[in-house]
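Enquirer: Chains as they are written, first to last, in this note's numbering: chain A, 1 to 397; chain B, 1001 to 1397.
Facing chain B, a subset of chain A residues (Cβ under 8 Å, in silico):
#1 K110
#2 V111
#3 V264
#4 V271
Partial list, derived from the structure: chain B residues whose beta carbon lies under 8 Å from chain A:
#5 N1114
#6 R1244
#7 N1270
#8 L1272
Calculated cross-link-like contacts (lysine-lysine; reagent style DSSO-like; alpha-carbon spacing at most 27 Å):
#9 K1008(B) <-> K8(A)
#10 K1196(B) <-> K1160(B)
#11 K8(A) <-> K1195(B)
#12 K8(A) <-> K1139(B)
#13 K1013(B) <-> K1342(B)
#14 K13(A) <-> K1252(B)
#15 K252(A) <-> K1013(B)
#16 K1048(B) <-> K48(A)
Keep in mind the hints are simulated off the structure, nothing from the lab. These figures come from a predicted structure and were not determined experimentally. Ideal placement from N, C-alpha and C gives every residue a C-beta, glycine not left out.
Number of protein chains: 2
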Amino acid sequence: MDYRFSEKFIDLKPSAIREIFKSLGTPGSISFAAGNPSPESFPVSDMKRIADEIFENEPVTALQYGITEGYTPLRRLVSERLKRVYNIGTPDDDLIIVTGGQQGIELTCKVMCNEGDVVLCEDPSFIGALNAFRSLGAKLVGVPLEGDGIDVTALEEALKNNPRAKFLYTIPTFQNPAGITTSLEKRRAVLGLAKKYDILILEDNPYGDLRFTGEDVATYKSLDTEGRVLYCGSFSKVLSAGMRIGFLCANKALITKIVVAKQVEDVHTNVLFQMICAKYIEQCDLETHIAEIRKLYRHKAGLMLSALEKYMPPEVSFTRPEGGIFLWCSLPEGLSLGEFVKRAGEKNVFVVPGTAFSPDPEAPNRSFRLNYSMPSDGEIERGIKILADIAKDMLKR
Amino acid sequence: MDYRFSEKFIDLKPSAIREIFKSLGTPGSISFAAGNPSPESFPVSDMKRIADEIFENEPVTALQYGITEGYTPLRRLVSERLKRVYNIGTPDDDLIIVTGGQQGIELTCKVMCNEGDVVLCEDPSFIGALNAFRSLGAKLVGVPLEGDGIDVTALEEALKNNPRAKFLYTIPTFQNPAGITTSLEKRRAVLGLAKKYDILILEDNPYGDLRFTGEDVATYKSLDTEGRVLYCGSFSKVLSAGMRIGFLCANKALITKIVVAKQVEDVHTNVLFQMICAKYIEQCDLETHIAEIRKLYRHKAGLMLSALEKYMPPEVSFTRPEGGIFLWCSLPEGLSLGEFVKRAGEKNVFVVPGTAFSPDPEAPNRSFRLNYSMPSDGEIERGIKILADIAKDMLKR
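Given these sequences and hints, build the entire structure.
Expert: So, in structure tokens, the structure goes:
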């Protein structure tokens, strides 16, 4: 039979990245396409021991329905850590556990936006968020990303032109896909614009813990004095991605609505992993564990940057992330991104073309995203050489 | 600051049941309000052993990102069981793992309904589903539920009056809240109407495995030859509610869209529990485990029915479920449901008023839901006596 889908879903496509992810079975292939944390970052033996203890001592709590807001000890521990590490959280704030940061992003749009309302975002930005906004009928308006964060002048222009703007979605720290960190000056300017044009800011910070060089920059949430910022975080990049535990910290009035929205999506996040997270924080040393991951990614990012410097023709530019798991390469004018990505795939090297991250996938694009957390050291060296050879070959013509 | 929420969320309230659930701390209180499975139904030691094996042998699969469709071995095992037990599944069907049945319900509405489209539902029906539909801007049209299922004449009337009807949401087996099972004749008639008026049927069957008396009735999905039925199931009532594992089986074209919708909500369902489910089905005897739960609920339902017969004045009517975890009581005309529920609460006995389950919460209501899976044997006896005494006292006036 013919199905009459909702208008918002007729044209919505699955994430290009997750589709690539599915087809990565080829032996010998090198993937720079994933957004996955390194498996070395999973504290397997601690989790195993903690899961065992929970099944032994508190099985009913882990296996019975929980409350939508999340497992109370975890909410308290996450709030305490946010305060301690990021100076986030005021007496007017509350925190909800969500099924991965993705759900926090989607729920924020769901409770704030009517169909046709505008979400401002960096261009490029995280495809999962962009698709979530699209799936809810929001209109995406992209604002160019510069080396030190969003283009503030263009942002004000966009705010002037879009009176239905409800919030700015931003990944200010080790941005996905660009690896860029927004400067403190720009964060202050953006907050000023948010106030002037009365919009909210959804600050997505899944990589914030993964700084491996440079100095921390204050989060939007810690700079916010008005309840204008929703802060979305996640354990996906520091404990496990498969466990789907994220959190959203914002003004109580916002969290109250988000609880209702979450209740109708999945009732609550799976309890066992909330308990594992809480007990991991209580019993183990999360900060030392994170320091180990930073060390690992410092090494891998360093390898990738060295290989890019060594092999890549100077016409190809790339960002130098201070943390996180991605960097962003741009081909020079005249080279076709489509051809480059296709030829890389033929050599079994996978990257994600910039079009996937654009609020306007039809716009011209010459950039692609590279991930360094998943490939091995050898793969990084070999893969970048292959990409460089393709770029050189294309430049010859 | 003042927040401008989306129109759909301005008035949406949290589920009355989950709010009651949160306030159930009072020692000595008796709750017939929950929708929770009995903790005795959790196969704790098998799960503990299986989790341990997974952490030992396949930790990276469990802790890394998975694919949106779900853990492949679990999808296969669930499909096989659906075919074997319910004769569900055709070569045109596919199956997705969702974060509890709740997500399957919400995603179906999300991909099918534009704002203002109509969802038909039984009156009364599951509050979680009704709120999900409301949260997406769908219009609810309730159709009265009779002793043998939905009122077919009223359903046709509703279909005639609502050309924007997209699907019928139904819990045909051991309905929540009413405990009623729709007869085979009515299922055939409803399928005929669905065809005549070209709507889909979302068959929600979280309790179908829990028949403790009487004969199985064919599912809508197994009677469907056109791809008109989406079948939503769950492990919440047979393995664990806290693990949030459900599934949706439907025509491939529908599942393809639902995968996209799920991807933007939570990327995928937590992998460890998908693996635990799969290995439980492979290694243990799920059917014997379910037979034990049926025995337990047969006993508890029997106790509650006996207590109702023994204590309740004949003016109060109640349903006689053949499975599941709920029954439905109705006060006689003239008695106030609000007063009854309030007085019960004052005696520390909690029931959910029928208003919570109505597509129109403002409509007059004299019914309430009783759950027998959670209270102990003694609580069932004592609690029903307290409720009966209140009803008798109210009848005296």
